[in-house]
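Student: Sequence:
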Amino acid sequence: MSYQMQRMVLVALVVGLGQPVVAAAQTPSKAQLQSEVERLQRELDVLKAQLARSHPQTQPTTISGQKVAHTSPTQTGTVAAKKKKPQSTSALTIGGGLVTEYQYQRPDNTGGHLILDYLDLNVHGHYGKHWIYAADERFSTVNIKNHAYLHYGWFAYNFGKNYQQQQIKFGLFHEPFGNLPYGYDSFWGSLAYYAGFTDHQGAGVGYRLQDGPWQVNLAAFKNDNLGQPSTYAGGVPTDGYHSDNGGAVRLAYHWRGNARDHRAVFSVAAKGGQLQAGDRQGSRWAVTAAMDGTWGPWNLKLQAVDYAYNVPRDAGYGGMLLPRSSIIAENYGFAYHMPAKGQLYGVSLKRSFPVRWGPVHTVSLYDDYGYLHVATAGGFNVGSVANPHRVGDVQLNVAGVEFAANPVYIWADVISGRNAAMAFDGPDDGAWHTRFNLAIGAYFDGTIKN
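Per my numbering, residue 26 is the first one in the sequence shown, and the count goes up by one each step.
Quick caveat, the hints were computed from the structure, so don't treat them as lab data.
Any given hint could be a false lead.
The calculated DSS-like cross-link candidates involving lysine-lysine, where the alpha carbons are at most 30 Å apart (straight line), are [to be verified]:
1. Lys186 with Lys474
2. Lys154 with Lys186
3. Lys366 with Lys474
4. Lys366 with Lys170
5. Lys366 with Lys247
6. Lys154 with Lys247
7. Lys154 with Lys474
Cβ-Cβ distance ranges computed for the label pairs, FRET-style [said to hold, decoys possible]:
8. Asn134 with Trp320: 28 to 36 Å
9. Leu390 with Leu123: 40 to 48 Å
10. His172 with Gly282: 40 to 48 Å
11. Leu123 with Asp304: 38 to 46 Å
Ideal Cβ placement from N, Cα and C applies to all residues, glycine included.
Start from the sequences, fold in the hints, and give me the full structure.
Tutor: Right under this line is the structure:
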């Protein structure tokens, strides 16, 4: 007899026990009724036993007021309690993506270039309620100078209220500085990104405390590249310069309006540490105030930064003196000069539109603008001390559109810059230069649970 049929018969028997049994031909006597009740009770006991054998862990019985599960259909006299095997809460998500770019910049008689930006492989997961981890490696023989880099790689321990109030994190992860986790909307990135003041990684240990709308982040970093010659983050000192033994602190307030899609994060942050400049040791510091607000389909990001890389006098590298008005930084392994001191201001505005264009479900228009005022007199030096080439303030604007057709995304960016060789839109000649970038990314992921 099937399980569903057994349940129907059992319900019918139970109901029948509470109703008068009436024969078709005559009214039964009291003795006949008693005999019929006893027969039905025996059948009911048999069905209960069959149900217990069919589902020994889902059919509870009651002993002294406590519910326990049947452990074996062969037990007699007593029913032993048995705990259910605890379910594992570990999960592993394996993902990645393939991103290609079409780039065009005048003068170019070939009609532009189609290149592999990167092949991405990543893992994310958790074990139990406390431990979480993530790692991401990117590969490209074209767009990454040393062919590969670790984008991020960390593990963290969550604790406190609801296992989310506090966290300790170890590894290579986002510096708590500015708008997190990014601070721009374009694929190309903002001027603050190339300067190292948003979407920047560091290698060390971090602590996060969430108390209502307030969030506090503390971090100590040994360096910002784990010794890698190529990195995802911009503004990483290289070629005679190296950041070391630093830290960061960030205080943020999360505001939520009456509507579900009205929210904003206001933050202030500071970071600093040592700067190795050739054969001398200097210092570095930066402070910022930032805001990331969403009102329905609109999003606005603001950031202001004041910073300094203090290069010691007479610092030498490779047999040459290092200029004090600039440092050399890298992104994707490609080096560029950036001002050693300055004030940077950034604004990003985005408007999203839900659409139904085949697989495309969202179209977003955006603009990322950054202005970097050089704080050293006469601009910053992008040449040598012996043959200086002074450059003035830097501007970068990236306007574009994003098409989201999950798992495929398309970004079309128009990049315009002045003295923006540090954002790969140069040269640094005081004139405006423009380039076009079309990026297509296809992403995948799958989760394994144990």
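Student: Holds or violated: Lys154 and Lys474, Cα atoms, limit 30 Å.
Tutor: holds, 14 Å
Student: Need the status of pair Lys186, Lys474: alpha-carbon distance at most 30 Å?
Tutor: holds, 25 Å
Student: Between Lys154 and Lys247, does the CA-CA distance stay at or below 30 Å?
Tutor: Within the cut-off at roughly 29 Å; holds.
Student: Between the beta carbons of Leu123 and Asp304, is the distance compatible with 38 to 46 Å?
Tutor: holds, 43 Å
Student: Run the distance test for Lys154 versus Lys186: straight-line Cα separation, threshold 30 Å.
Tutor: holds, 12 Å
Student: Do the alpha carbons of Lys366 and Lys170 lie within 30 Å of each other, as the hint requires?
Tutor: Holds. Lys366 to Lys170 sits at ~27 Å (cutoff 30 Å).
Student: Decide if the proposed pair is consistent with the structure: Lys366 and Lys474, CA atoms, cutoff 30 Å inclusive.
Tutor: violated, 50 Å
Student: Given the hinted pair Lys366 and Lys247, is their alpha-carbon gap at most 30 Å?
Tutor: Roughly 22 Å separates the two Cα atoms, so the pair holds.
Student: Taking the beta carbons of Leu390 and Leu123, is their distance inside 40 to 48 Å?
Tutor: violated, 25 Å
Student: Could you say whether the range 28 to 36 Å given as a hint is met by the Cβ separation of Asn134 and Trp320?
Tutor: violated, 46 Å
Student: Using the C-beta atoms of His172 and Gly282, is the stated range 40 to 48 Å upheld?
Tutor: Taking Cβ atoms as reference, His172 and Gly282 lie about 47 Å apart, which means the hint holds.
The earlier numbered hints that this structure contradicts are 3, 8, 9.
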